[in-house]
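Could you build the full structure based on these sequences and the hints that come with them?
Going down the list, the sequences are from chains A and B.
If you're matching positions, the first sequence starts at 114 in the numbering used here and goes up one per residue.
If you're matching positions, the second sequence starts at 523 in the numbering used here and goes up one per residue.
Honestly, the hints are just simulated from the structure, not real lab data.
Where hints are given, some of them may not hold.
What the hints assert, rightly or not - Here are some of the chain B residues that sit facing chain A, going by a computed Cβ distance under 7 Å:
1. Gly-637
2. Asp-641
3. Gly-660
4. Val-662
5. Met-663
6. Lys-664
7. Ala-667
8. Ala-694
9. Arg-719
10. Pro-722
11. Ser-795
12. Gly-838
13. Phe-853
14. Ala-866
15. Ala-870
Stated by the list, open to error - DEER-style ranges, computed between Cβ atoms:
16. Ala-519/A / Glu-874/B: 46 to 56 Å
17. Ala-757/B / Pro-461/A: 50 to 60 Å
18. Ala-594/B / Arg-429/A: 36 to 46 Å
Here a beta-carbon is modelled for each residue, glycine too, at the ideal position from N, C-alpha and C.
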Amino acid sequence: MNFPTNSRSQDPRDADSAELAARRAEVFAALAEVLPANAILASREQTQPYECDGLTAFRALPMIVVLPATEEQLAAILRTCHRLRVPVVARGAGTGLSGGALPHRWGVTVSLAKFNKILSVDPLSCTAVVQCGVRNLAISEAAAPFGLYYAPDPSSQIACTIGGNVAENSGGVHCLKYGLTLHNVLRVRGLTAAGEPVEFGSEALDVPGLDLLAIVIGSEGMLAVTTEVTVKLVPKPELARCMLASFATVETAGAAVANVIAQGIIPAGLELMDRRMTEVAENFVHAGYDLSAAAILLCESDGAPAEVEEEIAAMRRVLTESGATRIEVSRDEAQRLKFWSGRKNAFPASGGISPDYMCMDSTIPRRKLAEMLLAIEVMEAKYGLRCVNVFHAGDGNLHPLILFDANDPDQFRRCELFGAEILEASLKVGGTVTGEHGVGVEKLNSMCVQFSPAERDRFLAVKRAFDAAELLNPGKVIPTLQRCAEYGKMHVHRGMMPFPDLPRF
Amino acid sequence: MSALPAEVAQLIDRLRAARATRAPLQIVGGGTKAFYGEAPRGEPLPMREVTGITSYEPSELVVTVRAGTPLAELESALAAKGQCLPFEPPRFAAGGTVGGMVASGLAGPSRAAVGALRDYVLGLTLLDGRGELLTFGGQVMKNVAGYDVSRLIAGSWGVLGVICEVSLKVLAAAADSATLEYEWDEPRALEAMARWRGQPVPLQASAWCERRLRIRLAGSRAAVLEARARLGGTAMDREAAFSYWESVRDQRHEFFAAAADEFGHGAALWRMSVPPGTQPFTLAGRQFIEWGGAQRWWWTAAPAATVRAAAASAGGHATLVRAADKCAGAFAPLSGELMRIHRALKTAFDPERILNPGRLYADL
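Here is the structure:
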């Protein structure tokens with residue numbers, strides 16, 4: 114590659130090197146031939162708002178930001194960047210939590226904010242066709258008059274875009290029953306790195322050949338730039354009720370989660386918050402949580418009224434048998450939303466009690482929940498940092514929030530080590546380092562632990578099959594051999610010697 | 523990681539030897555789907571030794587199973603715990619394996635309601651054409667670490683690698699079900715299925731053939747009871763309904779079992795996969811509709827180009843499933859850019875084109 118790699122050690126506030134200034138001028142001139150002047154941003158004042166996404170600890174100034182309004186403009190941008198070998202980072206609302214939209218210092222950030230139209234909502238096929246920049250919640254709002262909605266509901270759904278959801282394979286509190294983005298997207302239209310239009314999936318239920326849609330979803334913007342998405346809409350349940358259950362220990366709460374699932378019940382949502390998280394959320398929104406409990410579960414049932422009644426009774430029985438000390442069921446929709454408000458505001462509420470927090474996202478087998486919570490408690494003492502816990506317990510997806518102050522370099526260092534230890538503990542119990550937030554730049558080191566060199570090599574080969582010049586979002590998801598070698602010096606891979614199969618040089 | 527099982531080590535040896543001589547291999551499970559797709563060729567690579575359920579945690583809703591395990595064995599182990607593979611993989615004949623099920627990616631009557639096979643794949647171990655054992659995904663419900671290669675492998679017909687072991691999400695079998703019948707012509711049946719799609723009813727399967735629509739409701743007792751009252755129709759006897767849906771699932775139903783000649787000289791069985799709301803097709807022959815209109819089987823002697831054009835103009839595609847002659851290609855051809863990506867993926871995983879060459883497309 115003919116450009117220096119992106120690196121955290123570079124301070125984005127450094128003055129441009131002469132080399133970067135010359136490159137910017139060259140690329141600017143080429144883009145100005147295919148775009149209106151007001152669609153290209155190149156001054157620091159203009160590009161600074163794009164320097165990070167939801168993972169604010171990582172920042173880099175993009176060389177140039179472009180705001181195409183049409184697919185033709187986007188194709189022209191991609192062709193230009195491809196010809197000049199300029200890295201391209203696509204960006205939706207910038208709410209991602211793993212640095213997937215972190216700019217490349219030698220690259221062009223493409224804001225897809227203008228692709229914000231809902232093209233159609235079809236109540237007969239139960240689908241909607243939307244441009245990539247449409248907000249997640251806006252789809253459900255447009256479908257509501259037909260009694261339909263788009264099921265995946267990441268906590269950031271008022272802001273995050275469907276294009277970003279496709280990139281990250283986003284989940285949400287209801288994906289236990291209704292599935293992830295993968296399960297709710299039928300078709301993705303986009304452009305390859307070379308600017309070629311391409312469609313993955315279709316409005317039929319399958320396509321001939323390999324299921325490329327399955328690999329494009331969750332590929333973090335590295336295989337194609339999404340422009341348009343056909344989503345599946347589902348009928349809005351007639352009724353939803355949420356149950357709050359209190360537990361005296363986190364172990365009993367964790368066991369209760371496994372017991373509910375073991376009974377064959379798939380609740381519409383099944384969330385766990387530990388006492389500290391409950392306190393923080395309660396102070397933020399006054400959801401009515403039981404502050405005397407060591408952990409609370411939010412357990413939702415939806416469907417026809419008789420079905421909900423049947424399921425609520427079954428859940429109440431299992432939770433009581435599992436040692437719940439208090440159970441409260443929402444009386445009406447207002448109370449149900451109030452119960453959820455604390456959970457949905459867990460992240461902003463945590464922002465209110467600590468200058469910074471780092472959100473981890475590993476997934477583990479449900480039966481290991483209690484064990485993991487206790488392990489995290491031990492790590493808090495080890496690293497001298499506090500951690501609040503909120504989980505998508507039903508599918509074993511943890512969100513420990515490690516609280517720290519980024520202005521204190523030692524706290525940041527300890528926080529990173531704390532996070533890495535949570536991820537490695539998750540792998541040891543048979544889990545994965547990221548359940549729904551993506552690898553981005555944040556979990557590159559952990560990828561060295563989770564995957565062998567041959568597996569990482571195949572990821573790179575998949576990337577090259579779509580993008581031979583490696584220009585789309587380079588440097589994300591797949592760590593380099595060298596990075597893993599350095600990280601491996603400190604860590605042990607899958608209980609064996611560090612990287613026994615890596616050639617030494 | 524435990525030591526490599528001897529039978530997997532043997533597979534690796536076979537593959538490396540084939541690679542050295544560039545001798546193609548056909549991956550063989552139970553051989554029950556050999557008729558589907560393009561004809562298998564190459565020396566058989568039998569998977570029957572790579573067998574057994576590695577782990578099954580009913581409370582985790584996850585089962586990990588080796589590829590050569592008979593599907594019947596897996597299904598009875600799940601049934602013993604009140605669980606199932608919700609996508610109802612077709613069995614066609616006795617002896618099919620779990621690996622063949624995943625490699626073909628096929629699903630049965632419940633597909634439109636519960637999702638495809640790939641939606642239930644959590645992870646797998648693959649022996650690729652380079653002779654390396656690779657693990658993608660895992661055994662947990664949510665996993666976005668790296669590209670979702672395990673789901674790309676589902677339905678890939680063995681052209682990227684040999685599936686050795688797979689972890690699948692399983693679910694509790696529905697507490698209750700009921701099958702309702704209606705005497706409706708095709709437009710009326712399609713219209714009803716479209717209307718129900720947008721309503722919160724537990725409609726899990728549908729099948730229309732010869733002016734008769736059958737739907738299966740499945741879910742909690744309360745939900746099935748309420749939907750039965752709402753949807754009318756005539757309830758089918760429980761046992762008759764069970765064997766009817768099994769016959770649709772496994773294509774033992776008389777529509778599928780019919781002799782091709784009944785529908786004209788050179789008639790073939792086509793699978794048209796189209797958006798569910800597609801208007802009725804006017805081909806000569808006989809039709810069986812599933813998946814709320816999204817899957818339409820046709821016995822017809824119409825030329826391949828006619829069938830494919832009809833499916834494509836509706837936004838779908840057509841697969842030539844049973845035919846004396848598949849020179850029109852079993853699977854619909856791909857656009858230039860998609861085919862380029864397919865070839866590049868083949869090169870990434872199987873550069874010498876050792877594994878199931880031509881099974882999906884002639885040049886893969």
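(message) Output the indices of the hints that this structure fails to meet, ascending.
(response) Violated hints: none; all satisfied.
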